[in-house]
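Here is how the chains run, residue by residue.
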Amino acid sequence: MDRILLGDEAVALGAVEAGISAAYAYPGTPSTEIFETIRRHAAEANPPIRGLWSTNEKVALEEGVGVSYAGKRALVSMKHVGLNVAADPFMNVAVAGAHGGLVVAVADDPSMHSSQNEQDSRYFADFAQVPCLEPSNQQECYDFTREAFELSEQLHVPVLLRLVTRLAHSRAVVKSAPPRAQNEARYVDDSSLYTLIPSNARRAYGKLLDKQPAMADYSENHPANALTLRDARLPGILVSGVAWNYLQEALGPALEQYHLLRIGVYPLPVRKIRQLLDASTELWLVEEGYPFIERYVSALGLLREPPIKGKLTGHLPRSGELTPDALRQSFGLPVREALRLRGLDEVLVGRPPRLCDACPHDDAYAAISEAIADIEGEVRVQGDIGCYALGYLKPHQAIHSCLCMGASIGMAIGAAHAGMRPSLCVIGDGTFTHSGMAPLLDAARADVPIKVFILDNSIVAMTGGQPTMATDEQVVDLVAGLGVRRSRIHIISPTPQKKAENVRLIRDEIARDGLSVIIARRACVTYAKVIKEHRRSCKPASV
Amino acid sequence: MNFDLVICGVGGQGVLSIAWVIDQAAVEAGFHIKQPEVHGMAQRGGAVSAFVRMSDAPIASDLVADGTARMVLSVEPMECLRYAKMLRPDGWIVTDVTPLKNVSAYPDTSRLFEVLFSAPRLIAVDAAALARQAGMVKANNMVMLGAAASLLPVPAALIEKHLTALFAAKGERIANANVEAFRMGDAAGRFAAALVADGVPAGIVARVVPRLAFQSRPVQAHITEQWLQRLRAPDAQDAAAHLFGAGELLAADRGPSALTA
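Protein sequence lines correspond, in order, to chains A and B.
At position 36 of the first sequence (counting the first as 1) the number is 116 in the numbering used here, and the numbers step up by one without a gap.
At position 238 of the second sequence (counting the first as 1) the number is 244 in the numbering used here, and the numbers step up by one without a gap.
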């Protein structure tokens with residue numbers, strides 16, 4: 081059946097039709113639509129696919145590992161920085177191995193359209209010594225996902241599926257194949273492999289090393305790693321993933337003047353690369369993301385013959401996503417003539433994203449900013465990840481950091497220990513349950529004098545309205561459960577009417593010693609309807 | 007045949023819905039497509055874009071190269087300028103003239119229109135006015151889809167079919183109003199394209215068409231002919247500027263008799 085699908089949706093459909101029994105994810109652009117699509121198909125499967133919007137990526141992967149341990153297939157999806165959170169189970173399940181097929185779909189975001197870095201997930205697969213499949217188009221998103229499950233069960237390893245924004249969030253027609261039935265539940269025979277006490281871990285790691293030649297063979301013989309050698313001494317191009325699309329667009333028929341090796345499957349096919357190097361007068365390395373292949377192939381630039389041209393050598397842009405235009409420029413082709421309008425630059429201004437009208441964060445920031453305005457000396461507010469990161473921009477300019485999920489509370493603890501008073505931070509309800517609870521436990525245990533603002537808008541808004549893990553009194557209970565005294569937990573209603581009252585309360589808490597948590601509680605305006613639906617259903621996050 | 011289309015606007019204006027409808031229609035018409043779009047944070051009132059690449063041969067790149075797009079279709083008049091460098095020199099700009107001023111540095115609109123209306127192939131319509139007429143103030147995006155329809159390689163009937171499917175779940179009234187908005191936009195787009203094709207400077211057409219009310223059917227050929235004659239007159243430029251500045255709507259179907267310099 082032919083369908084018009086986003087790359088993300090094609091991955092989801094591939095997983096559903098590969099017979100997954102469960103899926104787990106934490107929302108993050110550009111990966112969010114994978115789990116959203118699985119949720120829509122979950123009920124049609126027989127038996128229905130189970131799963132969750134998990135608390136965070138680490139938990140999501142551990143849940144997926146549990147499914148695999150029980151013999152069934154699971155897809156775990158996240159954005160690239162989410163894999164940092166899940167790095168611990170990822171590295172260790174590589175050692176333990178997979179029983180039921182386990183695929184980790186990770187969406188990288190080169191150019192940082194919606195992210196704080198552009199890290200390249202191929203390094204993680206390499207680090208963990210597991211295969212990585214890198215689709216170049218939407219059809220491969222579907223096909224490679226299905227194949228990844230087969231590979232995972234064949235070699236007993238987790239498989240990483242690497243996506244990038246322009247694939248995850250681009251649509252094309254995708255043909256699907258007949259669905260495969262789900263596995264029967266059957267625990268892994270050898271539980272010692274999953275019990276990584278040192279004596280077992282050494283044996284399990286030995287098994288992972290023993291699997292490496294099979295992975296290398298798989299990659300060497302895979303049709304997606306296609307070598308085209310021409311009958312002449314010519315320059316060569318080694319190209320991977322979506323970079324292949326831009327290369328075709330940029331060079332067109334001129335591609336026939338190059339030897340070519342396409343990469344879609346890792347570990348790298350070493351023999352084919354050797355053949356390409358031997359045949360080529362010089363070698364271009366064209367890959368989306370970090371110069372991952374280039375560093376290996378050029379031996380960090382130490383290799384002199386043949387000359388290598390890529391991101392490390394300045395022949396291609398070192399950061400940002402590739403584009404057909406960037407490649408044309410790199411290969412010395414003229415930029416095409418475009419429409420020119422005189423005076424255009426004078427009448428075109430940037431239009432950055434902004435908080436929605438009547439957003440509760442607006443009122444929370446207005447109150448915090450006013451409360452700290454007359455404090456002598458510089459006051460900084462540690463921020464976190466979510467819509468409220470827009471508080472960095474005008475008009476509020478109310479936060480002064482945004483590092484990674486959940487970092488605000490830990491950074492406020494550190495600033496307080498460095499002697500800063502007051503030490504303030506803001507974090508949303510979703511980010512708080514993702515990874516803000518552990519640092520708040522630290523703060524509570526040591527009664528660190530920080531003031532934590534939890535902006536509880538009852539939803540994970542920035543990624544499109546996914547259910548939050550805790551809101552309203554649940555947040556209060558969590559905070560109290562972590563050891564914050566009930567008398568130091570305050571709830572304010574961030575509205576223009578309550579502003580003066582809120583400012584007074586914040587000033588009072590700043591003046592007091594010790595830890596305070598101030599919860600600014602008002603539901604997101606944009607997702608008001610969705611929040612109502614979540615409240616009606618008792619298990620909003622699960623399928 | 008290759009047709010690269012850039013669709014743009016501001017988060018919340020329905021840019022992605024336009025792309026979805028064209029995708030479905032293009033595939034049914036037998037084209038290969040690739041259609042990247044922007045999700046996530048940018049959708050919070052920021053600049054949003056989608057590309058629709060259509061071709062009778064398989065398409066490699068998801069991204070459109072500079073200087074290769076046939077059309078920029080915009081739901082906001084400043085936003086179309088952001089993507090002008092992607093247009094071929096003979097490419098079309100099809101845009102709403104209703105500014106969305108959610109940034110403090112928004113340019114002076116008279117200067118903005120001066121630059122915009124210098125584009126050689128331009129269809130400008132007041133999508134907000136036509137959407138109101140259609141009874142659905144949020145249907146600006148479907149008016150704009152209509153305004154572009156006659157220049158797209160996909161039959162308008164297929165676009166209408168998938169537009170109806172998109173809104174079907176929201177009930178008959180909403181679906182019908184969106185179809186109505188699409189047809190009014192189509193009437194405006196065909197009218198404007200005909201005038202430009204017959205040599206009326208795009209700058210004149212761009213100042214007249216946004217001040218015309220259209221029905222949900224094309225303007226009759228003999229009426230279009232009357233407008234063509236009128237807008238070739240020596241005072242057409244002044245008359246157009248006056249009409250655009252005055253901001254009142256004339257009925258396109260009644261001909262140009264009410265247009266005065």
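The hints are simulated quantities; they were obtained by calculation from the structure and are not laboratory data.
Please note that the accuracy of each hint is not assured.
[Unchecked claim] Distance windows between CB atoms, simulated:
#	chain 1	residue 1	chain 2	residue 2	range
1	A	309	B	108	49 to 59 Å
2	B	8	A	313	26 to 36 Å
3	A	484	B	108	25 to 35 Å
4	A	552	B	260	54 to 64 Å
Built from N, CA and C at the ideal position, the CB exists for glycine as well.
Status of each hint after checking the structure:
1. Residue 309(A) and residue 108(B) have their C-beta atoms about 55 Å apart, which keeps the hinted 49 to 59 Å range intact.
2. Checked against the hint of 26 to 36 Å, the pair residue 8(B) and residue 313(A) passes, with Cβ atoms roughly 34 Å apart.
3. Checked against the hint of 25 to 35 Å, the C-beta distance between residue 484(A) and residue 108(B) comes to roughly 29 Å, which is consistent with it.
4. Evaluation of the 54 to 64 Å hint for residue 552(A) and residue 260(B) yields a pass: the beta carbon distance comes to about 59 Å.
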